[in-house]
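Undergrad: Here is how the chains run, residue by residue.
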Amino acid sequence: MKIEIDIDDKYRETEVVIRAPKLTQDIEKIVALMRMINMQIGVKDNDETYLLDIEKILYIETVDRKTFVYTDDKVYESELRLYEMESELVEQGFLRISKQSIVNLRKVKSLRAEIDRKIRVTLQNGEQIVASRMYSDELRRKLGLK
Amino acid sequence: MEKRKTIFNYISEVFAVYGIIVTIYVLLSLFIGDYVGEYSSMFRLGNKGLSNATLLQLLLLATIIIAVRNVFLTDRWIKRMSIILRNILFFITIIVVMIIMIVSFDWFPVNDWQAWVGFLISYTVSMGVSVLVSRLKERAENDKLQVALDKYNKK
Numbered sequence: 486m487k488i489e490i491d492i493d494d495k496y497r498e499t500e501v502v503i504r505a506p507k508l509t510q511d512i513e514k515i516v517a518l519m520r521m522i523n524m525q526i527g528v529k530d531n532d533e534t535y536l537l538d539i540e541k542i543l544y545i546e547t548v549d550r551k552t553f554v555y556t557d558d559k560v561y562e563s564e565l566r567l568y569e570m571e572s573e574l575v576e577q578g579f580l581r582i583s584k585q586s587i588v589n590l591r592k593v594k595s596l597r598a599e600i601d602r603k604i605r606v607t608l609q610n611g612e613q614i615v616a617s618r619m620y621s622d623e624l625r626r627k628l629g630l631k
Numbered sequence: 045m046e047k048r049k050t051i052f053n054y055i056s057e058v059f060a061v062y063g064i065i066v067t068i069y070v071l072l073s074l075f076i077g078d079y080v081g082e083y084s085s086m087f088r089l090g091n092k093g094l095s096n097a098t099l100l101q102l103l104l105l106a107t108i109i110i111a112v113r114n115v116f117l118t119d120r121w122i123k124r125m126s127i128i129l130r131n132i133l134f135f136i137t138i139i140v141v142m143i144i145m146i147v148s149f150d151w152f153p154v155n156d157w158q159a160w161v162g163f164l165i166s167y168t169v170s171m172g173v174s175v176l177v178s179r180l181k182e183r184a185e186n187d188k189l190q191v192a193l194d195k196y197n198k199k
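In the order they appear, the protein sequences are chains A and B.
Each residue of the first sequence is one higher than the last, beginning at 486 in my numbering.
Each residue of the second sequence is one higher than the last, beginning at 45 in my numbering.
Hints listed in this document are in silico derivations from the structure and should not be mistaken for laboratory results.
Wrong hints could be hidden among the right ones.
[Unchecked claim] In silico lysine-lysine, DSBU-like type, Cα no more than 30 Å apart, as pairs:
#1 B/Lys199 - B/Lys188
#2 A/Lys495 - A/Lys529
#3 A/Lys559 - B/Lys199
#4 A/Lys631 - B/Lys92
#5 B/Lys195 - A/Lys559
#6 A/Lys541 - B/Lys188
#7 B/Lys198 - A/Lys627
#8 B/Lys92 - A/Lys603
#9 A/Lys507 - B/Lys181
#10 A/Lys487 - A/Lys514
#11 A/Lys627 - B/Lys92
#12 B/Lys92 - A/Lys584
#13 B/Lys188 - B/Lys198
#14 B/Lys199 - B/Lys181
[As the list claims (entries may be wrong)] To give an idea of the interface, some chain B residues facing chain A are shown, with a C-beta separation under 7 Å as derived from the structure:
#15 Asn114
#16 Thr118
#17 Asp119
#18 Trp121
#19 Ile122
#20 Ala184
#21 Asn186
#22 Asp187
#23 Val191
#24 Leu193
Only a predicted model underlies this, so the values are computations on that prediction, with no experimental measurement involved.
In this text, a Cβ means the ideal position worked out from N, Cα and C, and glycines have one as well.
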């Protein structure tokens with residue numbers, strides 16, 4: 486892949502152009518990662534691609550090597566892997582809470598200590614997910630409790 | 045990120061419980077050892093302290109408590125079970141273990157019903173206090189988490 490960066494005062498805004506013979510998964514990933522900078526994420530639902538505002542995401546989960554993005558009322562699929570999303574979304578208030586999921590802390594309604602130092606996370610739509618023991622310390626740290 | 049528990053973590057848990065149990069029994073032996081020395085094998089030495097046999101029996105008890113605790117009060121072996129059921133099973137298992145130890149090690153005469161009543165009352169009270177303390181601790185932890193979350197989301 487050829488990468489060309491042209492920095493010049495003559496440009497009014499940042500523009501990214503991708504030239505390729507065909508749309509591949511790699512290109513879709515690049516686009517999805519760039520969308521995240523604009524606080525949006527490219528997701529799929531029934532083979533249709535949507536741009537989803539990051540603030541609408543409750544949590545992201547990986548199941549059988551597929552990544553699912555959960556909002557209040559819908560579940561979308563993403564081309565990106567969980568770790569790729571994590572690295573981009575951590576600045577936006579998202580946090581890894583288990584090997585399978587990242588949660589949007591802004592969308593968390595309540596937290597409850599569970600057995601064995603886990604934390605039950607209740608989201609604004611009432612859905613519950615569990616922060617594993619491994620990651621619950623990081624959650625406590627993020628909230629200023631450690 | 046938390047490290048996995050090693051055998052040394054379990055050993056330190058055992059000795060933490062063992063320390064508390066031994067301290068309680070040493071204090072008991074100081075105050076009532078001479079009075080119950082004839083009655084209970086645990087206080088055979090009177091107010092002079094605890095015998096090696098008693099110390100080893102208490103170490104066995106502490107080890108079993110930690111093992112049972114790790115079975116029922118963590119999710120290492122049992123993944124899905126309510127906290128209440130976990131506590132009930134934990135307390136039942138411990139009481140069964142203690143009854144076996146009382147009979148095996150002659151901690152008090154098995155035909156003395158008053159001793160059994162005393163044991164059951166003290167066990168129930170101590171378990172009640174333990175449940176109450178853990179509930180209060182859990183509630184305090186939940187409040188702390190919620191306050192921190194609200195504070196974070198107000199940023």
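Undergrad: Next, verify each hint and record whether it holds.
TA: Quick rundown of the hints versus the structure:
1. About 17 Å separates the Cα atoms of B/Lys199 and B/Lys188, which keeps this hinted pair within 30 Å; it holds.
2. With a C-alpha separation of about 36 Å, the suggested pairing of A/Lys495 with A/Lys529 is violated against the 30 Å cut-off.
3. Proximity of A/Lys559 to B/Lys199 is assessed by CA-CA distance (about 27 Å); at most 30 Å being required, the pair is judged to hold.
4. At roughly 45 Å between alpha-carbon atoms, A/Lys631 and B/Lys92 are farther apart than 30 Å, so this suggested pair is violated.
5. Among the hinted pairs, B/Lys195 with A/Lys559 is consistent with the structure: their alpha-carbon atoms are about 28 Å apart, no more than 30 Å.
6. At roughly 27 Å between alpha-carbon atoms, A/Lys541 and B/Lys188 fall within 30 Å of each other, so this suggested pair holds.
7. A hinted pair counts as satisfied when its Cα atoms are at most 30 Å apart, and B/Lys198 with A/Lys627 qualifies at roughly 14 Å.
8. Between the alpha carbons of B/Lys92 and A/Lys603 the distance comes to roughly 45 Å, so the proposed pair goes past 30 Å and is violated.
9. Using a Cα cut-off of 30 Å, the hinted pair A/Lys507 and B/Lys181 is violated, with the two alpha carbons roughly 59 Å apart.
10. Among the hinted pairs, A/Lys487 with A/Lys514 is consistent with the structure: their alpha-carbon atoms are about 16 Å apart, no more than 30 Å.
11. With a CA separation close to 52 Å, the supplied pair A/Lys627 and B/Lys92 exceeds the 30 Å bound.
12. Under the criterion of a C-alpha separation no larger than 30 Å, the hint pairing B/Lys92 with A/Lys584 is inconsistent with the structure, at around 55 Å.
13. A hinted pair counts as satisfied when its Cα atoms are at most 30 Å apart, and B/Lys188 with B/Lys198 qualifies at roughly 16 Å.
14. For the suggested pair B/Lys199 and B/Lys181, the alpha carbons sit about 27 Å apart, so the restraint of at most 30 Å is met.
15. A least Cβ separation of about 10 Å between B/Asn114 and chain A goes past the 7 Å threshold, and the interface hint is therefore violated.
16. A least Cβ separation of about 4 Å between B/Thr118 and chain A falls short of the 7 Å threshold, and the interface hint therefore holds.
17. Contact between B/Asp119 and chain A, as hinted, is supported at the beta carbon level, the nearest pair being about 5 Å apart and thus within 7 Å.
18. Interface restraint check for B/Trp121: the shortest CB-CB distance to chain A comes to about 11 Å, outside 7 Å, so the restraint is violated.
19. Below 7 Å, beta-carbon pairs count as interface contacts, and B/Ile122 has none with chain A, the closest being about 10 Å; its hint is therefore violated.
20. At a threshold of 7 Å, the smallest CB-CB gap from B/Ala184 to chain A is about 9 Å, leaving the interface hint violated.
21. Interface restraint check for B/Asn186: the shortest CB-CB distance to chain A comes to about 5 Å, inside 7 Å, so the restraint holds.
22. For B/Asp187, the suggested interface contact is broken, since its CB lies about 10 Å from the closest CB of chain A, more than 7 Å.
23. Checking B/Val191 against chain A by beta carbon gives a least distance of about 9 Å; that is not within 7 Å, so the hint is violated.
24. A cut of 7 Å between beta carbons decides the hint on B/Leu193: the least distance to chain A is about 5 Å, and the hint holds.
In summary, the numbered hints that this structure violates are 2, 4, 8, 9, 11, 12, 15, 18, 19, 20, 22, 23.
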